[in-house]
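**Q** The residues making up each chain are set out below.
Protein chains: 10
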Amino acid sequence: MNLGALDTFAYEFVGREIWIEFEMPEFTAICPFSDFPDFAVIRLKYVPNERCIELKSLKLYINSFRDVKIFHEHVINIILEDFVKACDPLRVEIEGDFHVRGNIKTVVRASYSKSA
Amino acid sequence: MNLGALDTFAYEFVGREIWIEFEMPEFTAICPFSDFPDFAVIRLKYVPNERCIELKSLKLYINSFRDVKIFHEHVINIILEDFVKACDPLRVEIEGDFHVRGNIKTVVRASYSKSA
Amino acid sequence: MNLGALDTFAYEFVGREIWIEFEMPEFTAICPFSDFPDFAVIRLKYVPNERCIELKSLKLYINSFRDVKIFHEHVINIILEDFVKACDPLRVEIEGDFHVRGNIKTVVRASYSKSA
Amino acid sequence: MNLGALDTFAYEFVGREIWIEFEMPEFTAICPFSDFPDFAVIRLKYVPNERCIELKSLKLYINSFRDVKIFHEHVINIILEDFVKACDPLRVEIEGDFHVRGNIKTVVRASYSKSA
Amino acid sequence: MNLGALDTFAYEFVGREIWIEFEMPEFTAICPFSDFPDFAVIRLKYVPNERCIELKSLKLYINSFRDVKIFHEHVINIILEDFVKACDPLRVEIEGDFHVRGNIKTVVRASYSKSA
Amino acid sequence: MNLGALDTFAYEFVGREIWIEFEMPEFTAICPFSDFPDFAVIRLKYVPNERCIELKSLKLYINSFRDVKIFHEHVINIILEDFVKACDPLRVEIEGDFHVRGNIKTVVRASYSKSA
Amino acid sequence: MNLGALDTFAYEFVGREIWIEFEMPEFTAICPFSDFPDFAVIRLKYVPNERCIELKSLKLYINSFRDVKIFHEHVINIILEDFVKACDPLRVEIEGDFHVRGNIKTVVRASYSKSA
Amino acid sequence: MNLGALDTFAYEFVGREIWIEFEMPEFTAICPFSDFPDFAVIRLKYVPNERCIELKSLKLYINSFRDVKIFHEHVINIILEDFVKACDPLRVEIEGDFHVRGNIKTVVRASYSKSA
Amino acid sequence: MNLGALDTFAYEFVGREIWIEFEMPEFTAICPFSDFPDFAVIRLKYVPNERCIELKSLKLYINSFRDVKIFHEHVINIILEDFVKACDPLRVEIEGDFHVRGNIKTVVRASYSKSA
Amino acid sequence: MNLGALDTFAYEFVGREIWIEFEMPEFTAICPFSDFPDFAVIRLKYVPNERCIELKSLKLYINSFRDVKIFHEHVINIILEDFVKACDPLRVEIEGDFHVRGNIKTVVRASYSKSA
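Residue numbers (my numbering), protein chains in the order written: chain A, 1 to 116; chain B, 117 to 232; chain C, 233 to 348; chain D, 349 to 464; chain E, 465 to 580; chain F, 581 to 696; chain G, 697 to 812; chain H, 813 to 928; chain I, 929 to 1044; chain J, 1045 to 1160.
The set of hints was computed from the structure by calculation and includes no laboratory data.
One should not assume that every hint holds.
[What the hints assert, rightly or not] Beyond 12 Å from chain H on every Cβ pair, some chain C residues (computed):
1) Asp239
2) Thr240
3) Glu258
4) Asp267
5) Lys291
6) Ile310
[To be verified] Covered by chain D, per the in silico footprint, the following chain C stretches (three or more residues, Cβ under 8 Å):
7) 250-256
8) 279-288
9) 334-340
Virtual Cβ for every residue (Gly too), placed ideally from N, Cα, C.
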């Protein structure tokens, strides 16, 4: 996988815990079984530690899944890992809300908490 | 009862707890009292342990109730037991949201937690 | 096709045009391509002439599609023809609102007007 | 049938056509087939001629169906006739929005226009 | 009745027909039968001729009904007449959407068109 | 009060706690103050112990309030007591959502928990 | 302030804790700054001890604020105090949901718990 | 542009005019200005003449825009032309409902009517 | 007023009438009476003749009202005139949906049709 | 930054904890990256200690961001700090709900609790 880089900027209020929440309705990737496109809304919220994620790099990162073959359950884990690596947040919650496939709608949720 | 088999695939992030949620709006079975068809939306969410449920087999499993005579309260328990047997999850929550019968709408909810 | 019979009763206000509208959320049949079940909400409204459709026979008629193999576009034409034959109404409008298949949601609408 | 009387008061702006619309969510009567209670929301709008319907008598009139055995399709015609007789309006539109019975929801609509 | 005055200002695009629509959710007056307060949302839209209604005077005009005893059906006719007198519009549509009284919700609608 | 009997059937999964939830939109009784009809939606959810409530008897029980004179606050307590007596559940939550009276909407909620 | 009296009646199930919830959409008072009318929906829920609040007196009490000059923040405290004094409840939660003023919407919430 | 082929099947009720409506929420293409992906919901309804569009080929046709560079305004015209060429319908209405770009949401609508 | 320029590009399907609809939720200007900011959602739809409006210039044009003092009723007429001058469309409909001021919500609508 | 001053008035019920919640839908500032305007709805709720915030000064304070260049994440921290400094509340929760930028919607939440 050749995904976009996630850039960051300094959080100026280190020590004050805030939640930053993004809704990204334009996720698309390729289903490894059928080679057909998949679509999802990705929602991600986090508590920054010392760095915030820069919005434009996040958009390009999400766009970079367009030609990637990947399962629903794994997409969410990979975004979570890349996000944590990029900005070392205190907490993250992520949700992938996928379109109906085979009469079934799927939502996948994962979370992360920095150990003290 | 001759229900469809539930297939699984390996969960690649064993140890990371995620919730996977399915909404299946096309459940239908036969009411044992009246022999008339019943209809429901089934919602099921689970935390995988080492195996995930494969989506197409889940669809066929749900379809396989079409000619089965069964009560609302028992449907939910049976799906829960078959699901647990198939993929040994850490936790499951299931809900059957049935159409109005006799002026009354019924929702049945059950849950399961793997003992440590 | 072996569909249920549509019974009628006398409309006591012949000459006064009223609209009678039914919503039937429990239509299911079999797709001739895939042999998988199809689901739809059927909406039908009509202006009675001298006979009204009896509600219970309408429910049994809709139920009788359960094992029938038929296309979306034809279901609606067949219900329309059977309905007109059963009660000779002045006007009918019918709509089949089908579940998503192949990422596409389909609605089919037909209508009938008794020539003077 | 022993229904309540509909009282009226003088419309002070005769010649100016206005629409007056009532929503009455507490209609109940008895089904002649099953002897079970039926429930509906009744919506009625009219253009007064020289008399308006008094609100309290309308409420009592609707309440007086509580022990009456009557079909959906006829309720609407009877309310329409009683209303026209009581206040001689220029136009009336009436709708009965009945609860689900036998998996089917029914709405009945009728209208009246005073001939010139 | 001692109602507030409706002020106007010049419409700078005379000859271009536009619709101006106001929603005023804070109408209250006194019911002449019961002496209890009544409440309504008033919606008014008009096509100005040479004058537009000034917004603050409209608010004060609506407020000035607070201690007035008046029927639902007449409120709407009086606002319509005062509005037409104040700004000589090409067209007006007005609607009073009143709170439930005696289990019945009432909406009253009137309109005006300047004769050529 | 001469209310309908609540029948039960055996719960086949004793020891597995499930929630069964009913929505009954057709409750009507008589107000003891005014002798006018009252209307409510009753929502009841419970965890069965060894018996489940049979749906048709529940519908007839709710219907049997039609000519009973009773206050909002007491209706809910009486249904709760009759329900507990009938099926000895582990937990019950009940809610009566009544129509507007005197400009005020009322909801009453009660609950029960079987002591160990 | 000369507010209406709150009457009560005996709660017949003393010892069983129930929640009774009222929604009163017709609160209006006068802003002490501007002398303009204010409007709000008041929501109040309580657990009765030995007395319940009588509905008609509650309506008249709310109506009695019509000519009172009072701030948003204080209205809620005064209703709370009067309510507690009138029926000595176990718990009360109250919310005033006020219309937009100065482009800002305000909601005020208070609560009370009887000490053991 | 190398778009998918649209297949058809015979309409069995030629002469009866029905509307067939599709909602396709998974359109994506490339913006020619920015090279960034665009997203839209495409809605298309038509009256068949002698041929209906086959659903699976329609899905593949929509998928085939994934790597095409094209403007919003032109997408709709091209789908309309291809659709008319494929099945020679009596009437078509099409709508492209595009995601926000530059703070502005865009919807494009076109229609076609077969000349007699 | 020093407003942004509206750029255009060639419409490639001249003769085919399509509707292009924009929703622009970020309009703000200054009220000439109070010097306070006003806010609105502007909705504009048009049928292009030979030129389409370029989206980015439209965004900058809307942004350029930020420091302009102007009345609700005139804003809509000015945008309409500038739009017609810029791209000579066949038809335009425009709507300004303004935030509540003085307890009143205002919507202003205008339209244009090119004479043949 | 030259922001408006936040005025206060005495809370007359010191010791009774109430929540006061404001929704302010007219926040706009300037993005430091692009110099384009940003828009948000700000929601703020607090428990007053001895002083309440005066509504008109809060409106002017929010308006005073109109020409300020500031990031989403920092706006929320600055409003929180100014609010705490102005009225020394017991608790505050604040949320900035920003418009879509770069296909991504952002919400930022922060909170404050006075240490005992």
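**Q** It remains to establish, for every hint, whether it holds in the given structure.
**A** These are the hints, each one checked on the structure:
No Cβ of chain H approaches the Cβ of Asp239 (chain C) within 12 Å, the least distance being about 25 Å, so the stated non-interface status holds. Here Thr240 (chain C) stays apart from chain H, with its beta-carbon at least about 23 Å from theirs, past the 12 Å limit. For Glu258 (chain C), the condition that its CB be more than 12 Å from all CB atoms of chain H holds, with the nearest at approximately 21 Å. At the 12 Å boundary, the C-beta of Asp267 (chain C) stays outside the reach of chain H, the nearest C-beta of that chain being 15 Å off.
In this structure Lys291 (chain C) is separated from chain H by more than 12 Å, as the shortest Cβ-Cβ distance comes to about 24 Å. Its beta-carbon lying about 9 Å from the closest one in chain H, Ile310 (chain C) breaks the requirement of being farther than 12 Å from that chain. Check on the segment 250-256 of chain C: 7 of its residues sit with their Cβ under 8 Å from a Cβ of chain D, so the three-residue criterion for coverage holds. Counting residues of the segment 279-288 of chain C whose C-beta lies closer than 8 Å to any C-beta of chain D gives 4; at least three are required, and the coverage claim holds.
Only residues whose C-beta sits within less than 8 Å of a C-beta in chain D count toward coverage, and the segment 334-340 of chain C has 0 of them, not enough to reach three; the restraint is violated.
Hints 6, 9 from the earlier list are contradicted by this structure; the remaining hints agree with it.
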